[in-house]
Amino acid sequence: MAEHSHDAHGDHEHEHHHPKLGFWRKYVFSTDHKVIGIQYAVTGLLFLFFGFSLMMLMRWQLANPGQPLPLIGGLLGDSRMPGGVMLPEFYNQLGAMHGTIMVFLGVVPLAVGGFGNFSVPLQIGAPDMAFPRLNMASYHVYFWGGAIMLGSFFLPGGAAQSGWTSYAPLADIAPTGQTAWLIGMIFLITSSLLGSVNFITTIIQLRAKGLTFFKLPFFVWAQFVTAFLLLLAFPPLEAAGVMQLADRLLDTSFFMPEGLVVSGQVMDQYAGGGSPLLWQHLFWFLAHPEVYVLILPALGIVAEVIANNTRKPLWGYKALVYSVLGVGFLSFVVWAHHMFLTGMGTTINAFFQTTTMIISIPSVIILTALILSLWGASIRFNTPMLFALAFLPMFGIGGLTGLPLGLSAADIHLHDTYYVIGHFHYVVAPGTLFALFAGIYYWYPKATGRYLSERLGKLHFWPSLICMNLIFFPMFIQGMAGVSRRLFDGGETYAHGQDLLWVNDLIAYSAWGLALAQIPFVINFFMSIKRGAVAPANAWDATTLEWAAPSPAPHGNFLSPPVAYRGPYEYSVPGEERDFLPQFEPGGGPSDPGDEIDHGGAHAVPAE
Amino acid sequence: MDAIPYTVEERPDTGLNNVKIGIWLFLASEVMLFGALFASYILLRVGAPPGTWPVHGHEYLDVPLATLNTAFLITSSVTMVMAWAALMRQRQAGTSDLRKYRIYMALTVALGFGFLIIKYFEYSAKFHHHWYPSTNNFLAIYFVLTGLHGLHVIGGMAVNGYLLVNTKMWKTAPQQFANRVETAGLFWHFVDLVWIFLFPILYLL
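Just so you know, the sequences run in chain order A and B.
Number 607 marks the last residue of the first sequence (numbering that gives the first Met the number 0); no jumps.
Number 204 marks the last residue of the second sequence (numbering that gives the first Met the number 0); no jumps.
A portion of the hints provided could be inaccurate.
As the list claims (entries may be wrong) - To give an idea of the interface, some chain B residues facing chain A are shown, with a C-beta separation under 10 Å as derived from the structure:
id, residue
1, Pro-4
2, Thr-6
3, Arg-10
4, Val-18
5, Ile-20
6, Leu-36
7, Pro-48
Said to hold, decoys possible - Stretch-level coverage of chain A by chain B, calculated; a stretch enters the list once three of its residues show a Cβ under 8 Å from a Cβ in chain B:
id, region
8, 49 to 63
9, 214 to 222
10, 227 to 236
11, 242 to 251
12, 259 to 273
These aren't lab readings, by the way, just hints derived from the structure by calculation.
Backbone N, C-alpha and C fix where the C-beta goes; we use that ideal spot for every residue, glycine too.
With the sequences and hints as input, model every part of the structure.
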C-alpha cells in the first residue's frame with residue numbers, strides 16, 4: 000500500500016481506505032476479479048452438476064427404455080414422466096439442455112470466467128481486471144442467462160428440445176422453451192462479450208513491469224486467444240439468434256423453406272424462401288471456435304501444472320505460443336466440417352476437410368510439446384499433476400478420433416452416431432474437465448490459503464478416470480456399429496444395434512460410478528476451506544507471478560507491484576540452490592540463455 | 000496496490016489507454032454482428048426462389064427519405080468530432096469553456112433524433128401498405144438490419160445525451176471527460192458507418 004503517494008486519483012479516496020464491505024458488496028456485487036472468478040467457478044460447477052443430472056436421467060432411459068424410474072420418476076410430473084416413464088419430448092429436452100448447460104453454462108464459465116478471472120490478473124501482476132465493473136456485470140448477465148435457461152423447464156411444452164444446435168426449421172416451430180433458449184443465449188453472448196473485451200484489454204495493458212509478451216505464462220496466452228475467439232465468433236450466433244427469434248415471433252422466413260408441411264399441416268403463415276442451411280452456417284461459425292474456447296484454457300492449465308510438477312521448463316514454449324495462435328486463427332475456417340451431410344457439395348466439403356486436417360497440426364504440436372516436457376523429469380505425482388497427466392492421453396484419444404469425422408467420406412458412416420458423442424466427450428469430459436479439476440487443485444491454495452486434501456484428491460481422480468473411460472469408450476463401438484445418437488430407446492428398435500444393447504447398461508452403471516467419484520471432491524472442496532493444510536504464498540514452489548501475492552490475495556492482489564525479471568518457467572536452473580527461480584525475484588545469475596527477448600525486458604527494469 | 004493503471008493516461012509501450020482498446024475490441028465484435036447479418040442478406044438473396052426478391056430495393060423503400068437520413072448521420076459524425084475537438088482546444092489553451100462543446104453535442108443528438116423520426120415515418124408507411132417482416136425475406140432482413148441499427152442509434156444517443164447533460168467530470172478530471180467523449184464518438188462513427196453500408200445494400204441495389 001506504500002505506493003499510494005504515486006497515485007493521482009484523489010477522487011477515488013473511498014476505495015483506498017478499504018472500508019469493511021457488507022455481505023452484498025463483498026460476495027454478490029463485488030468488483031474484485033478473484034471474487035468474480037470464484038463466483039463464476041462455483042456457479043459453473045453447480046451447472047455442471049445439474050447438466051450431469053440431466054444426463055443421468057437420459058442414461059436411465061437408454062438402459063431401461065420404457066421402464067418407470069423409481070423414486071424420483073413420479074415427481075417430475077405428467078408432462079415429463081407420467082407414471083415415472085419418460086416421454087420422448089422430455090428426453091429431447093434433456094438432450095438439448097444437457098448440451099447447452101454443459102457447454103455454455105458449465106465448462107466455459109468455469110474455464111474462462113472462473114480460471115481466467117481468477118488467475119490471469121494474478122499471473123500478469125495486475126491489481127485487477129482493466130474494467131472491474133464490466134467484469135461484475137459480465138457475471139450477473141451470465142447468472143440471469145442461466146436462470147432463464149433453467150426456468151424454461153417450467154414453460155408450457157417444457158425447455159428447448161431441438162438439440163443444443165437448435166437446427167431450423169425444427170427449432171422455428173418448437174414450443175415456447177425455444178424462445179427462452181434464444182433469449183438466454185443472448186444474455187450469455189452479452190456476458191462473454193463483456194468478459195472477452197476485459198480479458199484482452201487486461202492482458203495488453205496491465206502486464207507488470209518487465210513482463211513482455213514472450214514472458215507470459217502459457218495459460219495467459221491461451222486465455223488471450225480464447226478471448227479473441229469469444230469476441231469474434233459469438234456475434235454471428237447473436238445475429239442468428241435474433242433471426243430465429245424473428246422467425247418464431249414475427250413469422251419471418253429466414254430459416255423456413257417454401258412449402259413446409261408439418262404433421263400434415265401446411266405452414267402457410269410463413270412466406271418461405273429462407274434457408275435452413277443458413278442457420279447451420281451461422282451456428283457452427285460460433286460453435287466450432289467454441290470447441291477451442293473449451294479446450295485452450297484447459298491446455299493452458301495443463302501447461303502450468305506440468306511445468307510446475309516436472310520441475311523443468313516447458314518444452315518448446317515459443318512453438319506452443321505460435322501453435323495456439325495458429326489454432327485460434329484456423330478455428331474460424333473449419334466450421335462446415337459439421338455439415339458434410341447437408342448437401343453443400345463436394346467442393347465446399349473438400350475445402351473444409353482440408354482446413355480441418357491443417358488445424359490438427361498446431362493442435363498436435365501443442366500436445367506433443369506437453370508430452371515431451373515430461374521427458375527426463377522427476378515428476379511430482381500430486382493430484383493436480385495426476386489430472387494434468389490423464390488429460391494428455393484422454394485429449395489425445397478425443398483428438399485422434401476426430402480425424403475420421405473431419406474426412407468427408409468417413410463422416411458419411413459416422414455422422415450423427417454415438418461415435419461423434421464419444422469423440423467430443425473425450426475432448427471435453429476426461430479432457431477439458433480433468434484439466435479444470437487440475438486447475439482447481441492447483442489454484443485452490445491461492446484462493447483459500449489452504450491445500451485440498453491429497454488423499455481425497457486421489458480418491459476423486461482414480462475412479463473418475465476409470466469411469467470416464469467406461470462411459471465414453473464403448474460409445475465408439477456403438478457408433479461404428481451405426482447406432483444413431485438421436486435414438487430415444489437406446490437402439491432397442493434398431494436392428495444393427497441389438498448386439499450392443501448391453502453397452503447401455505455398462506454406461507449407465509459407469510455413470511453412477513462417476514457420480515459417486517465426485518463425492519470425495521465435494522467433501523474436499525468444502526472441508527478444506529477451514530480444515531485443509533495451511534499453504535504458504537508460493538504453495539507449489541512455482542515460478543509465475545500469482546505466487547508472489549499473499550494467499551488468499553487481498554483486494555488489489557500484491558503488497559507491492561511485482562516485477563518480472565525472467566521467463567515464466569525457470570525450473571532447475573543450473574547453478575541455483577533451489578530448483579525454481581521465480582519470475583518475481585531479482586538476481587539469480589544469467590537467466591534465459593539464448594532468449595533474445597530478455598535484453599530489452601529485464602535490463603530496462605530498475606532494481607527496487 | 001489497488002488503483003488500476005492506464006484508465007486515463009496511455010501506457011508507454013502500447014501508446015493506448017484501456018478504454019481505447021476496449022472500445023475498439025467492442026467495435027470489432029459489432030463488425031462481426033452486422034457482418035453476419037450482411038452475409039445472411041447475401042445468402043438469402045442469392046438463394047431466393049425466382050420472383051420473391053425485389054429487383055430493386057426502392058420497390059418497397061423510399062430512397063429520398065433514406066438519402067436525407069444518410070446526410071443526417073454523416074453530418075452528426077462531423078459535429079461529434081467538432082464536439083471532441085472543442086474540448087481538446089480548451090485543454091490545450093488551458094481554459095474550460097464548454098459552450099462550443101455543448102452546441103456541437105446538442106446538434107449531434109438532435110440529428111440522431113431527426114434520423115429516428117424519419118425512420119418512424121418510413122416504418123409506418125410500410126405498415127400502412129401491410130408490408131411486414133413476414134411478407135417476404137427482403138422485408139424481413141430490412142426490418143432486422145434497420146431495427147438493430149436503430150437500436151444502436153438510440154444507444155449512441157443515450158450516451159451522447161448523458162455526456163451533454165452531465166459534465167461534472169469536466170471540472171474534476173477533464174482529460175478523462177474528453178476521453179469519454181472520444182470513445183462515445185468512436186461508437187457513433189461506427190453507427191454512422193453501418194448505415195453507410197445499409198443504405199446502398201437495402202435501398203439502391
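Okay, the hints, checked on the actual structure:
Hint status for Pro-4(B) relative to chain A: holds, with the closest Cβ pair at about 7 Å, below 10 Å. Hint status for Thr-6(B) relative to chain A: holds, with the closest Cβ pair at about 8 Å, below 10 Å. At about 5 Å, the closest approach between the beta carbon of Arg-10(B) and any beta carbon in chain A falls short of 10 Å, and the interface hint on this residue holds. For Val-18(B), the interface hint holds, the least distance from its beta-carbon to any beta-carbon of chain A being 8 Å, beneath 10 Å.
For Ile-20(B), the suggested interface contact is upheld, since its CB lies about 5 Å from the closest CB of chain A, less than 10 Å. Of the supplied interface hints, the one on Leu-36(B) holds, with its beta-carbon coming within about 5 Å of a beta-carbon of chain A, less than 10 Å. Contact between Pro-48(B) and chain A, as hinted, is supported at the beta carbon level, the nearest pair being about 5 Å apart and thus within 10 Å. Residues of the region 49 to 63 of chain A lying with their CB closer than 8 Å to a CB of chain B number 0, which falls below the three-residue condition for coverage.
Counting residues of the region 214 to 222 of chain A whose beta carbon lies closer than 8 Å to any beta carbon of chain B gives 0, which falls short of the minimum of three for the stated coverage. Chain B is given as covering the region 227 to 236 of chain A, and this holds because 6 residues of the stretch bring a CB closer than 8 Å to a CB of that chain, at least three being needed. Figure legend: the region 242 to 251 of chain A, annotated as covered by chain B; annotation consistent (5 residues with Cβ-Cβ distances under 8 Å, at least 3 required). Three residues within the 8 Å Cβ limit are the bar, and the region 259 to 273 of chain A against chain B gives 6, so the coverage statement holds.
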